[in-house]
Structure formats: structure tokens, C-alpha cells
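If you read the sequences in order, they're chains L and W. Just so you know, we're using the UniProt record's numbering here: the first sequence kicks off at 1 and counts up by one. Just so you know, we're using the UniProt record's numbering here: the second sequence kicks off at 1 and counts up by one.
Derived by calculation from the structure, the hints in this document are not laboratory data. Be aware that one or more of the hints could be misleading.
Some chain L residues near chain W, calculated using beta-carbon distances under 7 angstroms [stated by the list, open to error]:
#1 L75
#2 P90
#3 A94
#4 M100
#5 A107
#6 S108
#7 G122
#8 M127
#9 P128
Partial pick of chain W residues on the chain L-facing surface, computed with a CB cut under 10 angstroms [to be verified]:
#10 N16
#11 L20
#12 V162
#13 L174
Beta carbons are placed, not taken as given, at the ideal position from N, Cα and C, and that holds for glycine.
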Amino acid sequence: MRTQALDRVADARTGTASSNAGFACRNVNASYTGGHGGAPIFEGIDFDVAPGEFVSILGGSGVGKTTLLRVLGGLHAAGKGSDVRFAGQPLSGAPDRVVMVFQNYAASLLPWRTVESNVRLGLEGKMPRREQRERALAALTMVGLADNLHYHPRQLSGGMQQRVQIARALVMDPLALLMDEPFGALDAITKATLQDALLRIQRQTGMTVVFVTHDLDEAIYLSDRIIVLAGSPAGVARDLAVDLPRERDQVATKADPRYLELRQEIYTVMHSSDPRRRP
Amino acid sequence: MSTARTGRSAWLPGFNAAGLVTAAGILVVWQLLVSTKVVDFLFLPGPLAIAGRMPELLASADFHEQFLHTLTYSLSGWGIGAGIGIVVGSLFGLSRLADQWAMTSVTVVRLIPAIALLPITALIFGLSSSMELVLVTYVAVWPVLVSVAGGIRTVEPLLRDVARTLHLRWFRELGQVVLPSAIGPILVGLRLSLSSAFVVAIVTEMIGNPAGLGNSLNNARNAMQPELTFCYIVVIGVTAVAANAVFNALSRWAGRGSSARKVDDRLGVA
Ligand SMILES: Nc1ncnc2c1ncn2[C@@H]1O[C@H](COP(=O)(O)OP(=O)(O)O)[C@@H](O)[C@H]1O
Ligand SMILES: [Mg+2]
Numbered sequence: 001m002r003t004q005a006l007d008r009v010a011d012a013r014t015g016t017a018s019s020n021a022g023f024a025c026r027n028v029n030a031s032y033t034g035g036h037g038g039a040p041i042f043e044g045i046d047f048d049v050a051p052g053e054f055v056s057i058l059g060g061s062g063v064g065k066t067t068l069l070r071v072l073g074g075l076h077a078a079g080k081g082s083d084v085r086f087a088g089q090p091l092s093g094a095p096d097r098v099v100m101v102f103q104n105y106a107a108s109l110l111p112w113r114t115v116e117s118n119v120r121l122g123l124e125g126k127m128p129r130r131e132q133r134e135r136a137l138a139a140l141t142m143v144g145l146a147d148n149l150h151y152h153p154r155q156l157s158g159g160m161q162q163r164v165q166i167a168r169a170l171v172m173d174p175l176a177l178l179m180d181e182p183f184g185a186l187d188a189i190t191k192a193t194l195q196d197a198l199l200r201i202q203r204q205t206g207m208t209v210v211f212v213t214h215d216l217d218e219a220i221y222l223s224d225r226i227i228v229l230a231g232s233p234a235g236v237a238r239d240l241a242v243d244l245p246r247e248r249d250q251v252a253t254k255a256d257p258r259y260l261e262l263r264q265e266i267y268t269v270m271h272s273s274d275p276r277r278r279p
Numbered sequence: 001m002s003t004a005r006t007g008r009s010a011w012l013p014g015f016n017a018a019g020l021v022t023a024a025g026i027l028v029v030w031q032l033l034v035s036t037k038v039v040d041f042l043f044l045p046g047p048l049a050i051a052g053r054m055p056e057l058l059a060s061a062d063f064h065e066q067f068l069h070t071l072t073y074s075l076s077g078w079g080i081g082a083g084i085g086i087v088v089g090s091l092f093g094l095s096r097l098a099d100q101w102a103m104t105s106v107t108v109v110r111l112i113p114a115i116a117l118l119p120i121t122a123l124i125f126g127l128s129s130s131m132e133l134v135l136v137t138y139v140a141v142w143p144v145l146v147s148v149a150g151g152i153r154t155v156e157p158l159l160r161d162v163a164r165t166l167h168l169r170w171f172r173e174l175g176q177v178v179l180p181s182a183i184g185p186i187l188v189g190l191r192l193s194l195s196s197a198f199v200v201a202i203v204t205e206m207i208g209n210p211a212g213l214g215n216s217l218n219n220a221r222n223a224m225q226p227e228l229t230f231c232y233i234v235v236i237g238v239t240a241v242a243a244n245a246v247f248n249a250l251s252r253w254a255g256r257g258s259s260a261r262k263v264d265d266r267l268g269v270a
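Just chain W, with the same shape it has in the complex:
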């Protein structure tokens, strides 16, 4: 379907030439404004100066270490959080009782900004990587929990009857019938969860755990190196975009069967 629409492969995101031209245009204007000193701030370098600083950064061992730290903690926190979200969300989706008794608390608690919990987490775990992992996991849980519970509730009731008449055990009904039917909303939740996890990892590193890209970004600023500061911003931005793209490609690949179109639409990438 999508191949027919835009000539791109079914599960690889497309290459949007018009979008790239605009982005390049913005960079050119920025560079011109800075070079001609129309815009002249002490700490605002042009794109060329930033790009010039990049190779050295990308080659440094310390950068590799920090990059790996942020990637490891955001992905682990996301994985653990998503796992908890799927299990607890399934419980809420399947059990009217659990939903009745606990969903209100969930709604209230999940609306507390994770960053407001940073001080207490820091008291409990210290300014450590454990604290970072806890906070990342915490934010990753909610979008998945809510989307799994909601997705399960919208599953065609007939499919539950099918599972019963075929005498499926509860875990098989959940894994083979219910969760796959709710795959669209669940993927949306997982994607939201991934981007929140990454944001909270960076923020925690900036104001809590002295490690990772967030901390390096802070250090660059404290050293009054605007080019380096911008390099970190670029790296962080590109990583977030790449993570999102990899996730979309994986979910399209996973849903390449009949529900591919549905997944596409739900992700808003069609």
C-alpha cells in the first residue's frame, strides 16, 4: 500500500527531499547571519564552526563512554518500564476490579512530572546511576500501562469468545489474541515511552547523576565552549530522531502482515 502511495519500501521510512532542502536553507541563513555579524552574540557560533568541532568530539574516548552511558540507561529504563507497563496494563485491561480500584490512583500519580520526583529519588539513591535508572523506568511505565489497558478494552469481544470456546489458557489468550489485537495503541504507547525515557535520562544527567551526555553538555557550558555545547545538542537531537526512526521501522516490520496499515496509521507516519 505505502509502496504504491509514495514509492518507498513498506517498512523503511521515506527520504523526504523537500524537507531536507528546507533544513539546509535554515542552516545557510543561520550561517550567513552569524558570518555577516547581523546577529552577533558572544556565545552563538555558526553551523560551520559547530561542524568543525564535531570530528574531534566524535573521536574522543570520553564521548564514546558518555554516549554509551546515556544509551544504556535510557534503553534499559525503557525496557524495564515497558515490561512493567505491559504486565500492569494487561491486569487493568482484563480485570474490571483492578481497574475500578486502582485506575484513579494511576491517573493521578502518572500526571506528576517525573522531574518533581528527582529530589526524593536523589535522597533515597544518592546522585547515582541507580537514581537515573529509577527515574527513567518510572516515566517509561505510564504511557505503556495506559495504552495497553486502553487497547485491551477495545479488543473485539468476539475474539475473547473465540479464545474461550477454544479453551485457551489465560496467558495464551493474552499473548496470542488480546495483545496482538491491541498492537496499534500499544506501539503508540511504547514510542511515547521511548522518547520520555530519553528526555528524562538527559535531564537527570544534567541535574542529578553526573554522567552521560546530559552531564557532558553541562560541562561544555561551564567550560564556556559554545561550539562543543552545540555539538552535544546535535548529538542528543540526532540520537532521539534515530531512536524514533529505528522504533518505527521495527514496528512496521513486526506488523508487516495484515495490520501493517493499521500500525502505520496509528503511528501517524503514513
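The shape of chain L in the complex, shown without the other chains:
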């Protein structure tokens, strides 16, 4: 019954996966009114995310990764002159079928709802209750929480809470998932488990993922491409393809000589005095 549910979700996804579910950013800047005297956090950002691609945005703390992701998710308006598109359409508000997974999982779940009803939140009023339940179960099965439907968030570990948040995004049948340091607060073992679960789900559904992290190894391990942000205001310091086999393995991948080369290259970019100047 579990695999059936899984297959159905996978079918639905591959069936609907749009071939243009990518992002295009041209000359993007953003600022906060009041913060930094309105000075831009980043500017002149150009990059594309192809449909089905797994792209990481890497950078130090405070460089503007969260802000950039919120711009992609339509939660923060980009500044004048910016051109941000999803599936070819300029953004106005949160685009359809682009769902954000927030860094602070504890504060982003509703504590008075059960796991299952947290996951159903985005479906309510959009389909019959029976279908909501089926889809919630399928999504929770994908993240390995099918046995915890009736728990409340506070009864779960941090890793499980983050899985609930991921299931809540998956149930929306997203074309693109935006993830803000989703595993940043978790211990190493939980982190590795969830990284592999995420890769499996991404391969299965073919959805586009933009993944924010400050963890170099996590970025290389997960991604097809890495965009390094650096400077103040920040810009794209490097945009490079991760030319490792797409089948990743926590041990084998990280022992691959190419992995080590990429690691060294990105490390140098992140720690150079003028990261925006290309060598």
C-alpha cells in the first residue's frame, strides 16, 4: 500500500513535470527598507536554474542567501531593474507550484495541528478531504513518516520536524522546491540521512531544487551546479557545474578525486580576499 501511494505520487509528478519549470535571474538586486540604510544586500545577480536541476546557493553567513531564496519564492520583492522569472513568467507574489522549506522548522509548523494536518494545510479547500488525506499520506511516506501521522510536532525530533516540513511542501506537488539551510541545525547522521532522502525524492519526481547552504561539502554532494555568493553587496562569485556522477554516495562520492578538486576550488573562492574577481 505504501509503494502504491508512492508510485501514484511519482506518476502524477512525472506526468505533470513541466519542461520549463526553471528560474531565470537577470541583474537581480534586493534590499530591506530600514536595514543597511536601504543599501542593496546583493546586486547584479545573473543565473539560471534549469528544470529538474539541483542547484545550491553557497555563501557565508549574512551574505544574502536567505534573501535571494525569498526573492525566488516571491516572498521578498526584488529591487528596481531586477528581472526574476519562473517558467518564463516574471514573478508577482509566490509563483504557483514553487514551495519554500524554511530553515526554522520548529517555528514553521503549526504546533496545534498533528503531523498529518500540518501536511494537509496547503491542500485544504482545494480538493475533497479524502484526497487531501491520501496525498498527505503519500508525501509523509516519501519522507519516512507514515507511522507518525497523529503526533504533534513537539513530540518529534528536529530531523522528523524538518521531514514534516518537507512533506508539507511535497504534498503541493511542486515543480520547484526552495530550501533554506534545511539541514543546518541537525546532527551529522540525521543530516546525511535526510540528504540522501532528498536526492532520492528529487530523482524520483524530477522537480527543480534550489538549495541554500553555507556547508561546502553539502553543496557539492547534493548539487548539479553551485552558485557561490560573496562580497558586500553580494554578487555571484562563481557558478560551476558539479561534474560528478549523478548517483551520489556518502562515502564513494566524497572520496572521488574530482570531489576533492571541486572542494578545493570552491574553498579558495569562498576564502579569497576579493571573491568576486575570477582568477
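Since the structure of chain L is already known, use the hints to place chain W with the ligands on it.
Chain W with the ligands only, in chain L's frame:
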């Protein structure tokens, strides 16, 4: 949690034995002072005399009618007022514009004692039950309005982002995310509103609408029946306490999930 603390059920208020002993002691002293004529006023009966008058009152059909009147009007006014308070308070909490333009007026108007509005309400509606309902509703609005608006403003901004990324419609965001997160302050407002509604119902009946317990209390005094007057005071007091207790039990029951502790603390009953 509360079960562990005091051994009482999670949502029923406790039975405070020490508090009852003190209350009983006060009654005994009062009775002794009156019986021994240490305190001797023409119109101050002792607790026993008051208690003796009570069964007859409680059995009378007129009492039932008046009691029902006060209960009906205070609860209806509270319900309508709370409804208005939730709707308008949500508007103020969600819209910076509404807040900017109207909150000052709200602050000024809500500080006018409701009783000062009784004469003009009486001119408009006559000394009638409509007037009573209008005044009760009026006082019931403010505490709810203010607590809903304030509660909404303190909701974790991340939850608003969650609602946006999940494409929740505005009414679903309000009903499923925003109001439940602000449940603590909202319950406090509802409780304040309930007690104000009851007070204003009684006062209006005493000096405006000739009906209900407030009017019966007046009649007992005019008939120079101190025991009966005290009986009404007791009934009114017990009703107010009971309404408060029922409200607290209901709100603890409603918030019995994760936020139960928060609700407890906000109500100051923990
Ligand atoms: N709501 C806000 N108001 C004002 N400034 C903000 C706000 N959020 C973030 N910032 C500032 O924007 C910069 C980038 O923040 P953020 O995007 O959260 O960085 P990162 O996610 O890379 O750590 C920081 O300097 C931060 O102080
Ligand atoms: Mg961040």
C-alpha cells in the same frame, strides 16, 4: 503539566480547600457580629437570614424569568460584540493602513465609560431591552477588538510566509494560521469582554431597562427587603463567577493541545 503540579485535571479548575475555609470563616464572623448585635444596622441581615430567604427566591417563576433575561442579554451582547471585535480587530491587525487611520479613534472611543452613553442610548432606543443589548454589545466589542489586533501583530512572521508559500487564501490564513497563533491574547480579551458585558447588563437593568436581575435588585431595595436584596447580590455574584469558570474550562479544553500551557499562563489561572 498542571496535573503533575496540583493533581487536578488538565482543564477543570481546581478545588481550593484553603480558600473555602477562609470564606466560611468570614461568614461565621459576620453571623456572630450580627447575632451578638456587636454590629447592629436596621438593614444588615446575617448570612443565615439571607440563606433562609434564598429557597423561596430560587423557586419563584418571576426569578427564573428575570435570571433568564439577564443571562440572555449579557451572553447575546457578548457574542455579537466578540464577533464584531474579532472581525474589526483582524482588520486592524492585518492592515497597516486601517491601523494607521482608525486605531487612534478606537483608543479614544473605547475609553469612554459605557455608562456615560446610557442617556443617549435611552433617547434613541427608549428604556427597552434593545437599549440594554446595544450597550452590552458596545462594551463587549473593545477588549476583543484590541486583543485580536494586538495578538495578530505578535504572530511569528515566519508563519505568514508559510501561508504565502502554500498559497493559502486570506480567510484560511486568518482562520487556520493567524488567529490560532494569537489564541492566548484573544482568550484574555474574550474573558474581559464577558465580565464587562455582565456588569453592564446589570447596571443597565438597574438604571435603564426595567427588567432582569438588576431591576429585581432595585425592586427588593425599594420594598425595603434587605434579605432579598442580599439574595440577588449573591445570585449575581455566583453567576459572574460561574460564567468565568465555564469560560476558563472551555478555553482550556479548546487549547488542550500544545498551546494549553500558554493559554493557562495567559489566563493567569495556572
Ligand atoms: N528583515 C530584515 N530587515 C533588515 N535587514 C535584514 C532583514 N533580514 C536580513 N537582513 C540583512 O540582510 C543581510 C542578508 O541576510 P540573509 O539573507 O538572511 O543572509 P544569509 O541567509 O546569507 O545568512 C544581512 O546583513 C541581514 O542583516
Ligand atoms: Mg539565511
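Right, here's what the structure says about each hint:
Because the beta carbon of L75/L sits about 5 angstroms from the nearest beta carbon in chain W, less than 7 angstroms, this interface hint is met. With its C-beta approaching chain W no nearer than about 18 angstroms, P90/L sits outside the 7 angstroms limit, and its interface hint is violated. Given the 7 angstroms rule on beta carbons, the hint for A94/L holds: about 5 angstroms separates it from the nearest Cβ of chain W. Interface hint status for M100/L: upheld, as the beta-carbon distance to the closest one in chain W is roughly 4 angstroms, under 7 angstroms.
Interface restraint check for A107/L: the shortest CB-CB distance to chain W comes to about 5 angstroms, inside 7 angstroms, so the restraint holds. The interface hint given for S108/L is met, as the beta carbon of that residue sits about 5 angstroms from the closest beta carbon of chain W, less than 7 angstroms. Using the Cβ-Cβ criterion of 7 angstroms, the hint placing G122/L at the interface with chain W is satisfied: the shortest such distance is roughly 3 angstroms. With a least beta-carbon distance of about 13 angstroms to chain W, the hint placing M127/L at the interface is violated under the 7 angstroms criterion.
For P128/L, the suggested interface contact is broken, since its CB lies about 16 angstroms from the closest CB of chain W, more than 7 angstroms. For the restraint placing N16/W at the interface with chain L, the shortest Cβ-Cβ distance is roughly 29 angstroms, beyond the 10 angstroms limit, so the hint is violated. The closest approach between the C-beta of L20/W and any C-beta of chain L is roughly 35 angstroms, which is over the 10 angstroms cut-off, so the hint fails. Given the 10 angstroms rule on beta carbons, the hint for V162/W holds: about 5 angstroms separates it from the nearest Cβ of chain L.
A cut of 10 angstroms between beta carbons decides the hint on L174/W: the least distance to chain L is about 13 angstroms, and the hint is violated.
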